[in-house]
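Asker: If you want the building blocks of each chain, they are given just below.
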Amino acid sequence: MAYLSQRPLELNELLRAVAAPERGGVSSFVGLVRDHHGGRPVRGLAYSAYEPMAEAVCGEIIAEAESRWPVRVALQHRLGELTIGEVAVAIAVAGNHRDEAFAACRYVIEELKRRVPIWKRETYADGTVEWVEEGRAKSEERSGSSVS
Amino acid sequence: MAYLSQRPLELNELLRAVAAPERGGVSSFVGLVRDHHGGRPVRGLAYSAYEPMAEAVCGEIIAEAESRWPVRVALQHRLGELTIGEVAVAIAVAGNHRDEAFAACRYVIEELKRRVPIWKRETYADGTVEWVEEGRAKSEERSGSSVS
Amino acid sequence: MPAVPSAPPVIRIQLFARYAELLGATQLELPANGINNVRDVLERLRALPGGAAIGAATLVAVNLRQAKPDAPVSPSDEVAVLPPLAGG
Amino acid sequence: MPAVPSAPPVIRIQLFARYAELLGATQLELPANGINNVRDVLERLRALPGGAAIGAATLVAVNLRQAKPDAPVSPSDEVAVLPPLAGG
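Protein chains in written order, with my numbering: chain A, 1 to 148; chain B, 1001 to 1148; chain C, 2001 to 2088; chain D, 3001 to 3088.
Derived from the structure by calculation, the hints contain no laboratory data. Please note: incorrect hints may appear among the correct ones.
[Unchecked claim] Simulated restraints, written as ranges between beta carbons of each label pair: (1) C:A2053 - A:A20: 49 to 57 angstroms; (2) B:A1063 - A:R114: 33 to 41 angstroms; (3) B:A1125 - A:G80: 44 to 52 angstroms; (4) A:P41 - C:Q2027: 44 to 52 angstroms.
Being a predicted model, the structure only gives us computed values, none of them experimental. Backbone N, C-alpha and C define an ideal beta-carbon position, used for all residues, glycine too.
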């Protein structure tokens, strides 16, 4: 399974990938495109990646989680243009017990954010476009002439 | 929305119920019927409830989570006969940030297990039927004459 | 108002899961006389055939809420005796 | 074997996101001469037009793995300069 996808993500597919008769608890996380960021209305965004490295690091993170806890992990991150409400990232972790499933799911999303080379370019309602860096937005270009 | 359901549960319905343009993180939990319990192969199980109280307590737990964290919570628990791999309980929690979503999701499943009057009757591969009590199984009746 | 003769008051008890099987009923009526609180309900049930497995610390709900041993119980209350929970 | 005259060796650098926009390219070739490690790569990039925004602590990947400032770099390596990550 490729971890990066240009197509819309379906959490159900990830759930099916990790479910098994001996695993009773599945913790999952879905990140959705929000309609605002830093108080500004967002129209949409685009994700891009250093793809070979992103695929490799996703695989490493999953291997780490699966060796640290007795779980099965599935993960996908969307690339390309997304609109409000679309799924940016989906993670499903199945384990025999919920403690392990929750802990591993949390580990995977934190490590993904910290280590996977993916970038986000937001388009705001006013047409401004910015690269988002760890919660901040770095101004890249401003449309129009009215810079307040 | 009723919190108890005789019909198969669909996590996607719960995700749709909590998703909103301003909420970017959704933590969910699904409990599935496992094929074993205490080392014994399970064939299937039945959930029953003290329904009016179970509905009321589910509502209380959700209200507690939604007042403690800025999240929206959806929850359903299955009743009736279930086979291996079916969804017993599904929880979806959407928040602006994942910290809140994970914390509230965990709170809801823990409180549900602790406080909602639901009971589980497992049928094992050998035909034995037992009421499960907090991880233990209390022998209720044994089929056949060979009690080892 | 003068008292009208009527059937002696009862406490209606709902039973679930293993306790319903042990006592052979999902609903019981106990004479209200002598039952003042949750502890009294459990004592009375434990004295019934099959009732010995109902522990003194068993969960009891009064009007859909868990109730402590000395919570009052009267004939108008909805009383339920809950085996150890196993949802989720 | 006698050395055969050839093009001088280069380090190929991949650029992404904001850094690609700042430097106006998604791929650059830097003369390998004088580049021994990751720190040298960053210094060379920072001297280019538009390169000033690339901090000295910028993430660099060598052969798909994050590399420290004194990690060695040679012409056969795949080198990538990574703006602050924003996945998830």
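Asker: For the pair A:P41 and C:Q2027, does the Cβ-Cβ distance stay inside 44 to 52 angstroms?
Answerer: Violated, at about 58 angstroms.
Asker: Does the Cβ pair B:A1125, A:G80 satisfy 44 to 52 angstroms?
Answerer: Between B:A1125 and A:G80, where Cβ atoms are some 48 angstroms apart, the hint holds.
Asker: Can you let me know if the beta-carbon spacing of C:A2053 and A:A20 is within 49 to 57 angstroms?
Answerer: Given about 36 angstroms between the Cβ atoms, the range is violated.
Asker: Per the hint of 33 to 41 angstroms, is the separation of the Cβ atoms of B:A1063 and A:R114 within bounds?
Answerer: holds (35 angstroms)
In this structure, the earlier hints numbered 1, 4 are contradicted, and the remaining ones agree with it.
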